[in-house]
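Novice: The whole structure should be built from the sequences, with the hints applied where relevant.
The opening position of the sequence shown corresponds to residue 1367 in my numbering, with each subsequent residue numbered one higher.
Don't read these hints as lab results, they were simulated from the structure.
Watch out, some of these pointers could steer you wrong.
[Claimed, not checked] So the derived label-pair ranges between C-beta atoms look like this: (1) 1497 x 1763: 26 to 34 angstroms; (2) 1467 x 1841: 28 to 36 angstroms; (3) 1650 x 1467: 36 to 44 angstroms; (4) 1572 x 1611: 12 to 20 angstroms; (5) 1808 x 1566: 22 to 30 angstroms; (6) 1763 x 1841: 27 to 35 angstroms; (7) 1741 x 1711: 16 to 24 angstroms; (8) 1513 x 1439: 24 to 32 angstroms; (9) 1471 x 1396: 23 to 31 angstroms; (10) 1722 x 1775: 54 to 62 angstroms; (11) 1561 x 1474: 51 to 59 angstroms; (12) 1603 x 1386: 17 to 25 angstroms.
[To be verified] Derived DSS-like pairs (lysine-lysine); straight-line CA-CA distance at most 27 angstroms: (13) 1695 x 1817; (14) 1712 x 1748; (15) 1789 x 1817.
What you are looking at is a predicted structure, and each value in this text was computed from that prediction instead of being measured.
For each residue, glycine too, the CB sits at the ideal point set by N, CA and C.
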Amino acid sequence: MRLSSERVATRAGRAQVALNFQISFALQVLALLIGDLASVLLAYGVSSLIVKTIGGPSLRLEAVITWMALWISWRAYQGLYPGYGRSPQTELRLHTVGTTLIALTQLAASFAAHSFPLSARSVIIEWLAVLFVGLFVRYFIRNILIRSGNYGRPVSIIGAGSTASLIITHLKRHPAYGLNPVAAYDDNVVLHGSMLCEIPVLGSIELALTQPATQHALISIPSARSEVQQRLINSIYAAFPITWVIPDLFNVPNQALQFHNIGTVASLELKNNLRSIRSRLVKRSLDLIGSTLGLIILLPILVLIALAIKIDSPGPVVYRARRLGRYGKTFDCFKFRSMHRNAEEKLQRMLDNDPSLKEEFDSTHKLKNDPRVTRVGRFLRKTSLDELPQLINVIIGNMSLVGPRPIVEAEVSRYKSVYEVYKQVQPGMTGYWQANGRSDTTYDERVDMDKFYITNWTVWLDLIILLQTVRVVLMGRGAY
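Specialist: In structure tokens, the structure reads:
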């Protein structure tokens, strides 16, 4: 009788968990759906104003309605409602491809209706408007949902070891990923009742099977014997509607993976995208276009910064820092001077006389309150404007717009075996670590982020990093 009561209670608990999530899920989808419809209308308004200004017919109402229907259908087909578990670069790729396909469809329709090229101008402007407005509105709506605590799917973490700790930390740092850890389970009784990265370890794995807190399980026990792990996966698979298994692949590029079946055995194909000549040509083309346009547009700002540096403190406007580039070759990395003269000698004296400063510098290779920095230099560093002369490095070819951070010879030992990967590419003006914490990250985290970027490169990752860098710089996060 007791067993029957427990089963009834378990079923009731599962039903309540499922109901709560379905309500939350529906509200999230509705909010994102309304946002996407609004973005098309807003883009239509923007494009109509532009077309009216330059002359020509605007898109007709039926064309806008068709765009809406195709837009929503494409995003639903690609699983973007709400889009849990999608990396930013994947979402950007799907957004760009979908918008472009719809624009091409409408261009073909206008050509067939013999209204080409007048309608083509309107379609192209609408395409550009949806491309940018759609991204902004989706980010805005999702950010509201995240801040109100109404975005994401609650996740149970099976296993409470170091792997689980890494996963929880990443998911909490990136709430837009849509997976929210709420509970952890482990058969180690010592961990029961403790907190893992602010997530409670509720009890044994058996408890997760009988009294699930969520509908989504994430298994993070890579060290288990194969037969034990298979039995565990089968049990959790039967208990949870959605199960993710984290394989022991921390040293393997994960976004460059492709799965292939050889009979009943799964094999992994690892792609080194930056070894491809085509990929290098695409990256170099983006670098040349972006850096040239950047120099032209930012020229007045560059002149003003140069004047401010000259007025603020004696010394040159531009500082040349020796850095390691591709294949380990050294080059002059250009920066606006942000420090007083003889800064390195002053630094060494300070580190020798202050153990706490030395500990901070050894940990991050930076100082939060660096007395070497000038008044103008502090502002330049906070806004990252001191990096702008590196646009010249990008044009020359010894740097890229996006890449691992430039390092000095003394830092090679801290990269260990990762340096073999690091020296295969040009360092970047910005990179994965600048867009994900900047100076608030530890040195080892930066090395890991550099490795992640190099081994998982795509053009979409570069575009996302550039967009994220703009956001981080405007908000002034992690810069000093």
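Novice: Evaluate each hint against the coordinates.
Specialist: Going down the list of hints, with the structure as the test:
Distance hint for residue 1497 and residue 1763: a CB-CB separation of about 29 angstroms, consistent with the stated range 26 to 34 angstroms. The beta-carbon spacing between residue 1467 and residue 1841, approximately 33 angstroms, falls within the hinted interval of 28 to 36 angstroms. Taking 36 to 44 angstroms as the suggested C-beta distance range, the pair residue 1650 and residue 1467 does not conform, at roughly 27 angstroms. About 18 angstroms separates the C-beta atoms of residue 1572 and residue 1611, a value consistent with the hinted range of 12 to 20 angstroms.
Between residue 1808 and residue 1566 the CB atoms are about 26 angstroms apart, so this pair conforms to the stated range of 22 to 30 angstroms. Distance hint for residue 1763 and residue 1841: a CB-CB separation of about 31 angstroms, consistent with the stated range 27 to 35 angstroms. A hinted range of 16 to 24 angstroms for the beta carbons of residue 1741 and residue 1711 is consistent with their spacing of about 21 angstroms. For the pair residue 1513 and residue 1439, the beta carbons lie near 29 angstroms from each other, so the given range of 24 to 32 angstroms is met.
Distance hint for residue 1471 and residue 1396: a CB-CB separation of about 27 angstroms, consistent with the stated range 23 to 31 angstroms. Taking the beta carbon of each, residue 1722 and residue 1775 are about 26 angstroms apart, not inside 54 to 62 angstroms as hinted. The hinted range of 51 to 59 angstroms is satisfied by residue 1561 and residue 1474, whose Cβ atoms lie roughly 57 angstroms apart. About 22 angstroms separates the C-beta atoms of residue 1603 and residue 1386, a value consistent with the hinted range of 17 to 25 angstroms.
Our distance criterion of 27 angstroms between C-alpha atoms is met by residue 1695 and residue 1817, whose separation comes to about 19 angstroms. Restraint check: the Cα-Cα separation between residue 1712 and residue 1748 comes to about 21 angstroms, which is no more than 27 angstroms; the hinted pair holds. A threshold of 27 angstroms between alpha carbons decides the hint, and for residue 1789 with residue 1817 the separation of about 11 angstroms falls inside it, so the pair holds.
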